[in-house]
Amino acid sequence: MRGPVSWWNNPWRPPRFLIAITIGYLLWSLLPVLIAVLYSFNSGRSRTTWQGFSTRWYWGDQTLSVWHNDALHTALLQTLKLGLIATLITVPLGTLFAIGIDRWRGRLPNGANFLMLLSFVLPEVLLAVALLFVITTVAVPVQLGTTAQVIGLVTFQVSYPAVLVRARLATIGPQYEEAAMDLGASPLAALRRIIVPMLLPAIFASTVLVFADVIDDFVLVRYLSGDASTEPVSVKIYNTARAAPTPALNALATLLLFAALAAVVIGFLVYRRMTRGDNTADRGLGGFTGEA
Amino acid sequence: MAVPVVTAPPRQAPPDRRRRTRLWSVLAAPGIAWLAAFFLFPLYVVLCIVFGQIDPLFRTPIPVWNPLQWDPTQFTYVLTHIVGENGVYGQAILRTFIYVMVASALCLLIAFPVSYYVARLSGKRRGLLLALLIAPFWISYMMRMFAWVNLLQDDGLFNKMLSLGGLFSPDVKWLTGQPVVVILGLVYGYVPYMILPLYAGLDRLSTPMLEASRDLGADRLSSFRRVTLPLCRPTIVAALLLTCLPMLGDYFTNDMLSASPKTTMVGNLINDGVQAPGQTGQAGAFVMLVFLIALLPMLYYLRSVTRGSEVAS
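Chains as they are written, first to last, in the numbering used here: chain G, 1 to 292; chain P, 293 to 605.
It is worth saying that the hints were derived from the structure and are not from the lab.
The structure presented is a predicted model; accordingly, all values stated were derived computationally and were not measured.
A portion of the hints provided could be inaccurate.
Said to hold, decoys possible - Facing chain G, a subset of chain P residues (Cβ under 7 Å, in silico):
{"no.": "1", "residue": "S317"}
{"no.": "2", "residue": "A320"}
{"no.": "3", "residue": "V338"}
{"no.": "4", "residue": "L398"}
{"no.": "5", "residue": "I402"}
{"no.": "6", "residue": "F404"}
{"no.": "7", "residue": "V406"}
{"no.": "8", "residue": "P428"}
{"no.": "9", "residue": "M435"}
{"no.": "10", "residue": "F438"}
{"no.": "11", "residue": "Q445"}
{"no.": "12", "residue": "D447"}
{"no.": "13", "residue": "L508"}
{"no.": "14", "residue": "C536"}
{"no.": "15", "residue": "L540"}
What the hints assert, rightly or not - Label-pair ranges, simulated between beta-carbon atoms:
{"no.": "16", "chain 1": "G", "residue 1": "A262", "chain 2": "P", "residue 2": "R417", "range": "54 to 60 Å"}
{"no.": "17", "chain 1": "P", "residue 1": "T499", "chain 2": "G", "residue 2": "A20", "range": "22 to 28 Å"}
{"no.": "18", "chain 1": "P", "residue 1": "L513", "chain 2": "G", "residue 2": "L188", "range": "41 to 47 Å"}
{"no.": "19", "chain 1": "P", "residue 1": "P359", "chain 2": "G", "residue 2": "R273", "range": "51 to 57 Å"}
{"no.": "20", "chain 1": "P", "residue 1": "L508", "chain 2": "G", "residue 2": "P174", "range": "37 to 43 Å"}
Note that beta-carbon positions come from the ideal geometry of N, C-alpha and C, so glycine has one too.
Same shape as in the complex, but just chain P:
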């Protein structure tokens, strides 16, 4: 009597599980197809163009599909022009690194205290503060840069403020190749992208842990240094990556606030190459270069996201 009861479930389960598998794959199929066609394939096309030929007459790129026939001329051209006597690109790449590093350090200096304060705040004011804090996130990037273009013009409000009502005459042309303006523009543009993940991480900081450290005799600073910072290090790293990666490809901040070759970044090299005939391959080479530079931090970020939810953005 007991035998049919025991054997019945296994007889039903296999078709059920098989149907489930098919259902889930059918649901995921459109998304997978989309990513394959419009994400993976374009990245491959970039490779085919970088290692492809250029039409001698029209200066248009001819992609070479077979990896065995790839010709590295254009890529090595870019590589050999980074350092050495032909190092026209080296400066821009170095500048990009410096700008991105300084800008993200400033971002962290601003974003950490702000998100720490709002995350530790309780009560009614917190909702309002949080809303104000993430409002820039949904104001168009171009709008925010344009706001600064208005302020920083030669007769703009910023210069008027500096002159203190006509006392001084500061003759600073802010919008023509000032590295400080570009760096501060980057900070202004990308701080919201850092505040959001930082806030999410700091919000989950365990209060009992902080109280325990204070109870056990740590003072303010050492409690911060030895408990708070180690606890939210993954969050800080994730937030830094989320701001650095888009900054690496940024060219529009530069175009809006400086538009001068004195502040050219890698993003500008890509943008200029895309628009100039015959340089498509070089633009592609820069795209690959940025991709390779960004790959390691991207993989690090993805690993930390998929491993635990503590740094999920």
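In isolation and in its complexed conformation, chain G is listed as follows:
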């Protein structure tokens, strides 16, 4: 006879409560987005009533689709442009910073490390407003627009590669470098030929993550965009979401979604390839995202 008490005490029963809450959470977090993606293929103007499948809002419509509407595809191009430029600056800057800070002892590097971590947890809106004030009230040779946006994004994101690279440096340990220098390599040569190749997976992972993060950014790019021509997708969504948009906005958001997910998925597969046979690196999703 299996009563509720023995059911409760059975250590092998499946954790039904946890399963239910996990499935519930996944549905709740992903279904709304999937519905929004679905409606980007709606053939009518409505974002709430299904009127049949079409690709009208991607390129079919001559004036309103993402492909034909200037405002929409400018936003998409601006997003990708910001993603590329900001990533290309952030990753080398953060990597060099992390290597330098990791070995250089003293007050200045400690303070810089603290600043870097502070920029990691500071609410984004504070940094955005501060940078906006600098550009609008101080005579600096930077205009609002792409340059300002890139500066803001790099400042906000630079801690990401720095944290990931430092974590990897800690797991590599000093022994490989010491061995190289015992065998006659200069510090620079040991860095170039031993440490940087070992860091490559972490550097690559942070490249992908920074790119995915930058193209999703909203607060910084909104304050630092000069006019409509430098407004990326997230700002476009914010500006038009409550003003009766067409499903073209869903289509734009969907394209952004696919760009970010494609970057992360492809990045993860390449990361797996890069770390094949490397038993010092965490090859799972956790290691890739720097959370383990």
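Keeping the supplied structure of chain G fixed, place chain P upon it in accordance with the hints.
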């Protein structure tokens, strides 16, 4: 004969070490310069504007660079309007605290069981679940809010679901100043940021420790209460901070899901001040206020991160 062998290494080492020091500082220099110019300096500019003057004609702020000439008028203006008879800002600040506290408590209630389950799971399904779990992390925040704007419209799917095919006619306008919608929107937006660090912490939870507690006679609940919770308390605190801090400056969730003064938060005060002429100093004062409120939790988080890797995010 033995003497040269002993003295040789010290003669070589000093130049080597000196060169190393210079190399590392050269590598770190661009990053340090960048942070100084685009992080530290802007924060100082905010101070100079908050304690600066306003051009009487154009209503533009004039920063005052010398801390000795700082004029606290604008900051005290904001401070005196928080409580008391002119307390126009007090309500928004109180509301922010309530929203952020309720939302992060709900976040924890959702995130903890989910990340606990996935962290304790093994086998093939775990990778897929983990991928699904952190997928929202890389879906644009605006996209996710926009998805809810679609669903919650007056003729949206949510109201259609509530009406059960025309049985009822729920006449709820979800997108005009409903605090519940804003709080749930915050939860929806920030839960992924909590799941990631929680999962990382729970993944490293020592299984032998849990088994030992069960072997020694603790039942399910007391094992959870007396072993699991104390072990992952630093993780929980870090995860809570990582969600609370960005929520403090949030204004866009509110704008997207409510756009009504009934749900104004501190972030909205900052945003409105930035866009209104002549109120730049007040926006700066709010920025400082949020910074000061966030400073203590930020320092706590940084200390726990730099002290041990157990709560590193």
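Here is how each hint holds up against the structure:
1. S317: Hint on P/S317: holds, closest Cβ of chain G at ~5 Å, below 7 Å.
2. A320: For P/A320, the interface hint holds, since the closest Cβ of chain G sits about 3 Å away, which is under 7 Å.
3. V338: Result: holds, 5 Å to nearest chain G Cβ.
4. L398: Violated, about 12 Å.
5. I402: holds, 6 Å
6. F404: violated, 10 Å
7. V406: OK, holds: P/V406 within 7 Å of chain G, min 5 Å.
8. P428: holds, 5 Å
9. M435: Hint on P/M435: holds, closest Cβ of chain G at ~4 Å, below 7 Å.
10. F438: holds, 5 Å
11. Q445: Interface hint status for P/Q445: holds (6 Å vs cutoff 7 Å).
12. D447: Given a least distance of 5 Å, the restraint on P/D447 holds.
13. L508: violated, 14 Å
14. C536: Not OK, violated: P/C536 not within 7 Å of chain G, min 10 Å.
15. L540: Holds - the Cβ of P/L540 comes within 7 Å of chain G, reaching about 5 Å at its closest.
16. G/A262 <-> P/R417: 54 to 60 Å: violated, 24 Å
17. P/T499 <-> G/A20: 22 to 28 Å: With a Cβ separation near 23 Å, P/T499 and G/A20 satisfy 22 to 28 Å, so the hint holds.
18. P/L513 <-> G/L188: 41 to 47 Å: Because 58 Å falls outside the window, the suggested range is violated.
19. P/P359 <-> G/R273: 51 to 57 Å: For G/R273 against P/P359, whose Cβ atoms are near 54 Å apart, the range 51 to 57 Å holds.
20. P/L508 <-> G/P174: 37 to 43 Å: holds, 41 Å
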